[in-house]
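*Asks:* Chains as they are written, first to last, in our numbering: chain A, 2 to 113; chain B, 87 to 197.
Since the hints were made in silico from the structure, they are not lab data.
All residues carry an ideal CB built from backbone N, CA and C; glycine is no exception.
Treat the hints loosely; a few may be bogus.
[Unchecked claim] Quick list of in silico lysine-lysine cross-link-like pairs, DSS-like style, CA-CA up to 25 Å: (1) B:Lys-192 / A:Lys-58; (2) B:Lys-189 / A:Lys-58; (3) B:Lys-189 / B:Lys-87.
[To be verified] Cβ-to-Cβ under 7 Å is the rule here; a few derived chain A residues that face chain B: (4) Gly-4; (5) Leu-91; (6) Gly-107.
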Amino acid sequence: KAGVTQTPRYLIKTRGQQVTLSCSPISGHRSVSWYQQTPGQGLQFLFEYFSETQRNKGNFPGRFSGRQFSNSRSEMNVSTLELGDSALYLCASSLAGPNVLTFGAGSRLTVL
Amino acid sequence: KQEVTQIPAALSVPEGENLVLNCSFTDSAIYNLQWFRQDPGKGLTSLLLIQSSQREQTSGRLNASLDKSSGRSTLYIAASQPGDSATYLCAAQGGSEKLVFGKGMKLTVNP
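Produce the entire structure from the sequences given, and follow the hints as far as they go.
*Replies:* So this is what it looks like as structure tokens:
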């Protein structure tokens with residue numbers, strides 16, 4: 002079966018712009034989580050959505066937001082981009098409840 | 087607050103060695119402990135998952151153990167190969183989808 006698909010894979014933005022990243026989970030998976038990976042901070046949890054509801058949220062500013070659609074696809078948005086937002090953004094999907102997470106290949110964002 | 091530590095941050099070994107990768111966590115109230123592999127510029131590949139009620143899991147040349155009481159997990163790699171070169175991350179999962187990751191250990195296996 003198809004894995005977790007993230008689009009776009011690479012993108013370059015300038016400070017002050019906004020960006021939207023997309024994640025299509027494995028068919029049947031209803032939970033989607035987002036993580037930010039940077040060389041300095043490593044992998045940090047952004048948020049998790051289940052059945053279109055945000056269930057958990059990490060310690061990130063309000064510029065980071067997300068949503069989930071009825072087909073479980075999820076998007077995350079970062080507004081007013083800062084240089085420090087340059088990172089690999091990973092999403093993961095899983096069945097309901099604490100379970101094995103399957104990660105996508107990530108979206109690499111560069112902010113100039 | 088859960089904190090996960092991996093030491094050392096990098097390891098370089100000759101091919102054929104048996105390896106031990108360490109992971110420690112501060113909160114023993116975990117649901118499971120996962121080990122991942124990440125190749126440069128890529129996403130994460132799940133290697134092994136150990137449920138809190140288990141002591142170890144094996145897959146091929148990989149074996150992971152879990153000791154909740156001491157807050158430690160170990161990943162053993164037998165007969166290392168150059169293709170094993172990657173960054174290895176461990177992550178502790180509580181009662182939600184949130185994983186708390188270590189910073190990872192970059193492994194280089196030299197032919």
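*Asks:* Indicate, hint by hint, whether the structure satisfies it.
*Replies:* Results for each hint:
| no. | hint | result |
| --- | --- | --- |
| 1 | B:Lys-192 / A:Lys-58 | 29 Å, violated |
| 2 | B:Lys-189 / A:Lys-58 | 20 Å, holds |
| 3 | B:Lys-189 / B:Lys-87 | 16 Å, holds |
| 4 | Gly-4 | 9 Å, violated |
| 5 | Leu-91 | 6 Å, holds |
| 6 | Gly-107 | 5 Å, holds |
Violated hints for the displayed structure, listed by number in ascending order: 1 and 4.
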